[in-house]
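Undergrad: Quick mapping for you: the protein sequence lines, in order, are chains A and B.
Oh and the first sequence: position 196 is 196 in the working numbering, straight run, nothing missing.
Oh and the second sequence: position 229 is 229 in the working numbering, straight run, nothing missing.
Calculated from the structure, these hints are not laboratory results.
Note that the structure is predicted; figures quoted are calculated from it, not measured.
Glycine residues also receive a C-beta, built at the ideal position from the N, C-alpha and C atoms.
Hints should not be assumed to be uniformly reliable.
Pairwise CB distance ranges (calculated) [what the hints assert, rightly or not]:
| # | chain 1 | residue 1 | chain 2 | residue 2 | range |
| --- | --- | --- | --- | --- | --- |
| 1 | B | Phe-260 | A | Leu-137 | 42 to 52 Å |
| 2 | B | Gln-118 | A | Gly-237 | 30 to 40 Å |
| 3 | A | Tyr-36 | B | Leu-5 | 49 to 59 Å |
| 4 | B | Gln-118 | A | Trp-109 | 18 to 28 Å |
| 5 | A | Asp-283 | B | Leu-5 | 31 to 41 Å |
| 6 | A | Asp-163 | B | Phe-296 | 29 to 39 Å |
| 7 | A | Glu-204 | B | Val-288 | 27 to 37 Å |
| 8 | B | Pro-119 | A | Leu-137 | 21 to 31 Å |
According to the in silico footprint, chain B covers these stretches of chain A (three or more CB under 8 Å from chain B) [said to hold, decoys possible]:
| # | segment |
| --- | --- |
| 9 | 13-21 |
| 10 | 67-81 |
| 11 | 107-117 |
| 12 | 125-136 |
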Amino acid sequence: MTSALHVSARPGFALAGAILLLVLPLGLLAVDQPFYIVLASRILVFALIASSLNLLIGYGGMISFGHAAFVGIGAYTVAGLMQAGIVSAWLAWPIAMLAGAVLALGIGWISLRTSGVYFIMITLAFAQMAYYAIISLKLLGGDDGLSLGGRSALLPGIDLKADLSFYYVALACFAASLAFLHRLINAELGRALQGVRDNETRMEALGFPTYRIKLAAFIIAGALAGLGGALLANLTGLVSPSLLHWTQSGALMIMVILGGAGRLLGGAIGAAVLLIIEEVLRDYTIHWQLGVGVVLLAIVLFAPSGLAGGLAGLRQRRQA
Amino acid sequence: MTLILFVEQCLNGVQLGLMLFLLAAGLTLVFGIMDMINLAHGSLYMIGAYLAATVIEATGSFLLGAGAAMIGTGLIGAALEVSLFRQLYRRSHLNQVLATFALILIANETVRMIWGAQPILLNMPEALAGPVEPVEGFRYPAYRLAVIAVGAAVALLLYVMVVHTRLGMRVRAGASDRDMANVMGVDTRRLFTLVFAIGAGLCALAGAMLGPILAVQVGMGENILILAFVVIVIGGIGSIRGALVGALLVGLIDTAGRAFLPGLLRHVFPPTIASEAGPALASILIYVLMASVLYFRPRGLFPARG
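With the hints as extra help, turn the sequences into a complete structure.
TA: Have a look at this one:
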């Protein structure tokens, strides 16, 4: 045990997870359920996006209610570039990340002057502005959105149109982002960020540039969400203003809280659990939302620190 | 002609503002006193509208319907407070968000199971269905005037209650310092339940009155919830006065933007762009308002806490 702020990776656990995710689609193909590969890709993309939001909510104490704006701008960047004839993923995806980062710089610049509930609402305000701005832009399809001609081109040998290869690309992006976030959280910036979350006044008194630290985290999260948006646009083949709707921001927040804010895998677990519950219940009943609501309520009452927190609690109790 | 249009839009704006105030009043008190983020506030509005529609359908009386909706929703609110919300007050805001989001899903689906997915029709009382002509050449729907009158009366009543009664004093004490109010002998448990029930009843009143103007349908609570949050953040959380000012500001600016912005844009841009962008830009206005208010006054216009 190094320090309270250190987030350990547990190599064995990570390796097992990686192997499982690598062979999962082959297993699905073996039992002839290729549809679930698309669902799994969707979960990976949302796991990436929710993890980026978790950096803000869980590690920075910044409850952003406007994360869908960054996802949306990333998705629209890819779609717009594709319309302009730029299909290379190596060009379009970094530009999508850049777009997310620049938007986050703008929004964070102003929003981070407020805190608490007012921060929640001001991020929502900016996301709503982005939402209505996209709708008013005829160039980007307005209400209807844009449909992508195809998927981005990655390498000559890899055809992203195949769901299997897209799954592995999504997996690679998710794994890289998670590894990056893990490094970041344990690096100086990440430690300082957690310090600001716990006691901003004290960090300020110690001479840390707290505003700049929070802004840096905000920009990083925006860039990762932009990447998630780029993947999402490729996955669905369609971008529409609904990507930026506040209910999307809400769903992302729910994923983070559900999985466990401030847990490395919190966002990923939340995304997987929420999307899987939805999928399963949808098969059983048209009233699946009722089921989702009851499950969420039960989780919040019995596992206040999220599923990842609940699991860690169980493990500690067993060890004690 | 333009003067008539202007007056008409102002009245529409005041009407929207007063209805928003009915929603925001409960929300800001729950938020201010109990430090509780209640996303399900919009669901109470929806339940109120459905209850009103059902009772009006059965009895034919709008008054009876609105009254029953207020009492019914107030009771539902009180039951929710006692059974669930009490457990959430001491939890983190994140927990409250998740729990009340779950409640939205449950409420939406329950309403869909009981009343079906189709929007239902709520007719305005027949006596108020026509227009009135207060001034020669200016016709305005009588029902909308009635909504303004009721909204203004309730706002006044609420103001008197909060500012001039013992109950209101306790509420204000709770909003500015909950622990201190507790120490000074305010029974906050009962106070919370009461405030919650009143807030729910006001939601139902707004739902019943807006029912004939907007559609009564599943999900009607969510969009208006966001507007109500905008209102209380602009006004300052926990402040009734702030909620009233914020609600009127939002109502007027939103209505005026929708009515006049497309026309103004037409002077600057080609008509096709103006008619496309106008409505969307009008929707942005209130968020620009909120962001600028927070930029200059990060705690809203009338902060309740010292």
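Undergrad: Now tell me, hint by hint, if it's right for this structure.
TA: Results for each hint:
Phe-260/B and Leu-137/A have their C-beta atoms about 22 Å apart, which leaves the hinted 42 to 52 Å range violated. The beta-carbon spacing between Gln-118/B and Gly-237/A, approximately 31 Å, falls within the hinted interval of 30 to 40 Å. A C-beta distance of roughly 57 Å is found between Tyr-36/A and Leu-5/B, which places it inside the suggested range of 49 to 59 Å. In this structure, Gln-118/B and Trp-109/A break the distance hint of 18 to 28 Å, their C-beta atoms being roughly 45 Å apart.
Distance hint for Asp-283/A and Leu-5/B: a CB-CB separation of about 53 Å, inconsistent with the stated range 31 to 41 Å. Separated by about 50 Å at the C-beta atoms, Asp-163/A and Phe-296/B break the suggested range of 29 to 39 Å. Glu-204/A and Val-288/B have their C-beta atoms about 30 Å apart, which keeps the hinted 27 to 37 Å range intact. About 30 Å separates the C-beta atoms of Pro-119/B and Leu-137/A, a value consistent with the hinted range of 21 to 31 Å.
For the segment 13-21 of chain A, the stated coverage by chain B is not satisfied: 0 residues place a CB nearer than 8 Å to a CB of that chain, which falls below the threshold of 3. Coverage of the segment 67-81 of chain A by chain B is violated [criterion: at least 3 residues with CB-CB distance below 8 Å; count 0]. Three residues within the 8 Å Cβ limit are the bar, and the segment 107-117 of chain A against chain B gives 5, so the coverage statement holds. Figure legend: the segment 125-136 of chain A, annotated as covered by chain B; annotation consistent (8 residues with Cβ-Cβ distances under 8 Å, at least 3 required).
The structure fails to meet hints 1, 4, 5, 6, 9, 10 from the earlier list, while all remaining hints are met.
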